[in-house]
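Student: Dock chain H against chain G, hints included.
Protein chains: 2
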Amino acid sequence: MAEPSFSLRTPDDDDIPRRICDRCGFVAYENPKIVVGSVVRHERRILLCRRAIEPRRGFWTIPAGYLELGETPEEGARREAREEAEADLVIERLLAVYAVPRISQVQLIYRATLGRPHFAAGPESLDVKLFTRDKIPFDEIAFPSVHWALAHDEAAAAGAPPVPFGNPAGQSGDVMPAQGRRPAGGGG
Amino acid sequence: MAEPSFSLRTPDDDDIPRRICDRCGFVAYENPKIVVGSVVRHERRILLCRRAIEPRRGFWTIPAGYLELGETPEEGARREAREEAEADLVIERLLAVYAVPRISQVQLIYRATLGRPHFAAGPESLDVKLFTRDKIPFDEIAFPSVHWALAHDEAAAAGAPPVPFGNPAGQSGDVMPAQGRRPAGGGG
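Chains as they are written, first to last, in full-length UniProt numbering: chain G, 1 to 188; chain H, 1 to 188.
Treat the hints with care, since some could be wrong.
As the list claims (entries may be wrong) - Label-pair restraints from in silico Cβ distances:
| # | chain 1 | residue 1 | chain 2 | residue 2 | range |
| --- | --- | --- | --- | --- | --- |
| 1 | G | 13 | H | 88 | 48 to 56 Å |
| 2 | H | 7 | G | 44 | 48 to 56 Å |
| 3 | G | 45 | H | 7 | 46 to 54 Å |
| 4 | H | 13 | G | 58 | 16 to 24 Å |
| 5 | G | 132 | H | 19 | 44 to 52 Å |
Read the hints as simulated data drawn from the structure, not as lab findings.
Backbone N, C-alpha and C define an ideal beta-carbon position, used for all residues, glycine too.
Just chain G, same shape as in the assembly (with noise of 0.2 Å):
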């Protein structure tokens, strides 16, 4: 079987340039896509998942993944964290909306608990441990948006309103939060 060959062009009704195959006209139509992920709390601990698979691998991070077809985000949520770190979640509610445009990301975050005080490493995490907020390896955080649903759901759970939080100002998530370990909520 010949190998996919793609080009760059703009198909006729449209206008903007897709990935059309050179073999078969083709057209991949690429969209934005949609993580949803969870700051997880048991026993006032914070659940966090150290990657076994690129990128990052052996950084730290919460249970997070791509949206799957026909999955609710929460849906989404709840199969990410069992799959990392067989975590059984109770959904609590929408965290945060971040946007990463860079790599056209766009990032649904939950405040979660724990259904039951079992978890373990699944397939893509190396390890998975219950952190206190002053013992998060904030030096070995995988993404930004982690450094920032950590520090959101510290908010909220210093009692900040219950809107979404977004993008801290001026950050779209190309780099980690420049002012030191913990880009906001103070504490630590």
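Tutor: Just chain H now, kept in the frame of chain G:
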């Protein structure tokens, strides 16, 4: 050039069937799509567009459409209003996050106002009009989530706390609200 010919098969490194091209092996990963839109107010009236395209040609909707690569949701919502209504929006805040899993959509709906008092039908609209709430053509609304957004916008205008709304209880966007013209928020 040959036509694309896809069959549904599960790639080796995956556990979900994907559309794979029989000719070249291209895997057409499909993901849920993000719709961005706005309930737009101007002088206590709501801007609606009468659709010039299928589905639901001739029915009224809020300016909304698919988020494109590289956009933030707010940028996408403003672009859609420019394209469909020649409207220049000032986005106020996220009003609602809706899921329509049957068609694998997540919708981010904003509250917005007109940045200048101009609007006109773009190529995808037959007409664009401002309606007072009691004159909104509720029998000619294009999609269930437009009903939801109009009701949630009315609730927000009446002082509901600024949490983003979600799907009405038990509804997944497959049918128009059953209990009459106005799914929530009462009034008319």
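Student: Sort out which numbered hints this structure fails and list those numbers smallest first.
Tutor: Hint check: 1 fails alone, others pass.
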